[in-house]
Amino acid sequence: MSTKITVMEQLKNEPKNWGIKSILILGLIFIGYLGVTYINYNGFTEFGLTVMWNISKSIISPNTALLFGEGKNGVLYLITETAAIAFLGTIIGTIVSIPIAFMSSRNIVPGWMANIGVAFITVVRTFPAVVYGLMFIRVTGPGAFTGVLTLAVASIGMISKLFIEVIEDLDPGIIEALDATGCNGIQKVQYGIVPQLMGNFASTAIYRFEINVKYATILGMVGAGGIGAPLIFAITAYRWADTGALLIGLIIFVLIVEYGSAKIRKKLATGE
Amino acid sequence: MNKIKKFFLPKPIVLGNGKVVQPAMSPMVYVIPILLVLFFYSTSLTGFEIGTLINRGSKFFDILVRMFPPNFGYFGKVWTPMVVTLVMSVVGTLAGAAFSIPAAYLSSENMVKSPAVKLIVRSIMSVLRTIPLLVLVILFLNMFGAGAFTGMVSLGVFTFTIMTKMFYELIDTSDMGPFEAIESSGASRVKSFWAGIMPQLWGQYISILLYNFEMNIRNAAILGYVGAGGIGILLNDRLGWRAYPEVAMILLVLLVSVYMIENLSRYIRKRLL
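Those protein sequences? They're chains A and B, same order as listed.
Sequential numbering from 6 applies to the first sequence in my numbering.
Sequential numbering from 34 applies to the second sequence in my numbering.
Treat the hints with caution; some may be incorrect.
What the hints assert, rightly or not - Between beta-carbon pairs, the in silico distance windows are:
no., chain 1, residue 1, chain 2, residue 2, range
1, A, ILE65, B, PHE105, 48 to 58 Å
2, B, GLU213, A, ASN189, 14 to 24 Å
3, A, LYS268, B, LEU42, 19 to 29 Å
4, B, PRO148, A, ILE36, 48 to 58 Å
5, B, ARG222, A, ILE36, 51 to 61 Å
6, B, GLY84, A, GLY48, 52 to 62 Å
7, B, GLU82, A, PRO177, 41 to 51 Å
What the hints assert, rightly or not - With a cut-off of at most 27 Å between alpha-carbon atoms, the simulated DSSO-like pairs for lysine-lysine come out as follows:
no., chain 1, residue 1, chain 2, residue 2
8, A, LYS272, A, LYS166
9, B, LYS303, A, LYS26
10, A, LYS9, B, LYS224
Worth flagging that the hints you see were computed from the coordinates, not collected in a lab.
If you're wondering where the values come from, they're calculated on a predicted model, not measured in any experiment.
Idealized CB from N, CA, C, for every residue including glycine.
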């Protein structure tokens with residue numbers, strides 16, 4: 006005979022998890038304590054609200070001459086340049102990442118070599134993009150070229166890390182099957198390895214392109230071309246109409262890239 | 034036209050029983066030309082020259098060479114800013130993550146009945162998400178002045194916008210069974226969400242939280258560049274003075290911290306999922 010219990014009784018049977026809950030609360034108190042100790046609150050300036058208000062207003066009433074302007078100062082040109090920097094940076098980063106990823110995958114090379122590769126990738130990933138920017142400026146001088154190289158190197162870390170995961174997930178069964186039908190080495194790569202990797206590689210590259218587009222504003226700080234520098238100058242100089250024009254351009258552009266990237270990646274993943 | 038099409042189609046395969054199979058056209062036929070056109074257009078637009086790279090490429094290592102040996106004695110001065118950066122990232126990430134739960138609830142397909150609410154919240158969040166971190170920092174610098182507090186607020190808002198999107202995608206694809214069961218017992222939608230959907234998602238929620246935390250630690254180096262506290266200020270200062278052995282020490286501390294945090298977070302994520 007089964008005993009009937011009411012909802013309230015069942016609620017009392019709920020696991021209490023006192024241990025986890027108290028650890029969480031103590032952790033939060035500790036983090037709060039650290040926050041109060043290390044982070045100083047310097048007070049709030051009303052001027053900040055004015056700035057925020059002006060930026061919001063500027064998006065509604067932008068500098069149309071700049072927004073639709075032609076030539077090297079127009080928003081359209083700056084956006085195209087940013088897109089070109091991000092595109093080239095992603096392509097170069099991807100091409101460089103492929104051999105690095107293969108040489109750091111445990112199922113391709115011996116373990117010690119993979120460890121060296123992974124350590125190298127970690128080091129590359131830790132350096133802030135700003136530092137790469139400063140290094141490349143000595144090579145190519147300020148400009149879009151520097152931006153391309155900086156983004157390429159900054160992309161290598163993430164792209165090769167994700168590539169390694171894909172390569173290590175390769176299904177050896179497919180290659181064995183091709184072996185059994187008598188395929189030679191090149192055919193095994195063509196029909197057994199490339200189809201397994203292509204979709205994921207392309208998806209990773211497109212995702213990184215999306216990140217690089219957003220990163221391009223940071224590059225402006227080191228003078229590496231794109232829409233970043235004009236935007237930062239416009240805000241710090243309180244030129245609101247220009248800020249509005251540049252922000253509108255950037256927001257629309259990023260939204261288009263995000264939408265397109267999501268569409269293509271979904272198609273790559275599900276085939277529809 | 035048919036001839037062109039035939040040219041790009043792969044060779045038909047004759048099977049053992051005499052049947053002819055026509056393999057589909059590879060997407061590479063149009064993907065590769067598009068990529069090539071974009072590639073050459075971008076190279077001309079950005080002034081990309083492989084010659085410059087070959088001739089002057091060695092200059093890239095100028096700074097790297099001057100970083101050696103790192104100034105290990107400088108560690109005493111790097112320590113505190115690194116802790117400030119960590120605390121700033123932790124508090125910012127946690128605050129952003131906490132606010133992202135209600136925002137994600139309001140923008141998910143299956144929780145909110147009114148399409149108007151969903152549309153409005155999603156549009157606002159999309160626009161906020163496109164605002165670069167750097168612009169946020171400059172905005173908050175005007176409000177709170179230079180210092181770690183500005184960094185914390187910027188990282189918090191930034192995390193909030195990204196985590197909201199990641200989390201509402203999780204809510205959209207969660208199992209509605211428990212939610213419906215609890216709602217049918219008379220609980221409100223919010224309560225059913227908390228008791229029926231959240232328990233499914235805590236693991237993934239903490240996983241995306243950790244992912245954002247890792248990203249924020251790396252972003253923190255950028256924040257300091259515009260004066261928002263932490264190790265970035267020191268990095269910017271030392272780079273400005275061209276004190277490269279000290280820069281190397283800062284990067285080394287950053288490297289060790291990021292390495293430890295990544296491994297810790299990978300370990301936690303493995304245990305959770």
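Comparing the hints with the structure gives:
1. A:ILE65 / B:PHE105: 48 to 58 Å: Taking Cβ atoms as reference, ILE65 (chain A) and PHE105 (chain B) lie about 54 Å apart, which means the hint holds.
2. B:GLU213 / A:ASN189: 14 to 24 Å: Taking Cβ atoms as reference, GLU213 (chain B) and ASN189 (chain A) lie about 56 Å apart, which means the hint is violated.
3. A:LYS268 / B:LEU42: 19 to 29 Å: Distance hint for LYS268 (chain A), LEU42 (chain B) holds at roughly 26 Å.
4. B:PRO148 / A:ILE36: 48 to 58 Å: 38 Å, violated
5. B:ARG222 / A:ILE36: 51 to 61 Å: The hinted range 51 to 61 Å is violated for ARG222 (chain B) and ILE36 (chain A), with Cβ atoms some 31 Å apart.
6. B:GLY84 / A:GLY48: 52 to 62 Å: With Cβ atoms ~54 Å apart, the hint holds.
7. B:GLU82 / A:PRO177: 41 to 51 Å: Given a distance of about 43 Å, which is inside 41 to 51 Å, the answer is holds.
8. A:LYS272 / A:LYS166: Holds: LYS272 (chain A) and LYS166 (chain A) sit about 23 Å apart, inside 27 Å.
9. B:LYS303 / A:LYS26: Between LYS303 (chain B) and LYS26 (chain A) the Cα gap is close to 21 Å, so the pair holds against 27 Å.
10. A:LYS9 / B:LYS224: 25 Å, holds
Checked against the numbered hints above, the structure violates hints 2, 4 and 5; every other hint is satisfied.
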